[in-house]
Amino acid sequence: YMKPLLERIPQNPLNSEAIATGYLVVKYIGLDLIGKMAEEKQLNVQEAIAILSCYLETHP
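Just so we're aligned: 47 in the UniProt record's numbering is position 47 of the sequence shown, and the numbers increase by one with no gaps anywhere.
Wrong hints could be hidden among the right ones.
Below 27 Å or equal to it, Euclidean Cα-Cα: the simulated DSSO-like pairs (lysine-lysine) are [stated by the list, open to error]:
| id | residue 1 | residue 2 |
| --- | --- | --- |
| 1 | 3 | 36 |
| 2 | 41 | 27 |
| 3 | 41 | 3 |
| 4 | 27 | 3 |
Derived by calculation from the structure, the hints in this document are not laboratory data.
Based on the provided sequences and hints, a complete structural model is requested.
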């Protein structure tokens with residue numbers, strides 16, 4: 001359920017720092033959904049943000 005949300009995030013190569021820090025993921029998906037994903041995958045929120053940010057960066 002996260003993939004469609006990630007695909008809605010505007011892609012801009014100048015946003016690489018925003019992607020790397022997780023800012024865009026949190027801004028567009030929100031901590032509630034990220035927390036739900038983290039719980040389902042038995043991750044902490046920071047790990048979930050890192051995974052989502054890596055996905056976003058590698059799937060422009």
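Which numbered hints fail | none
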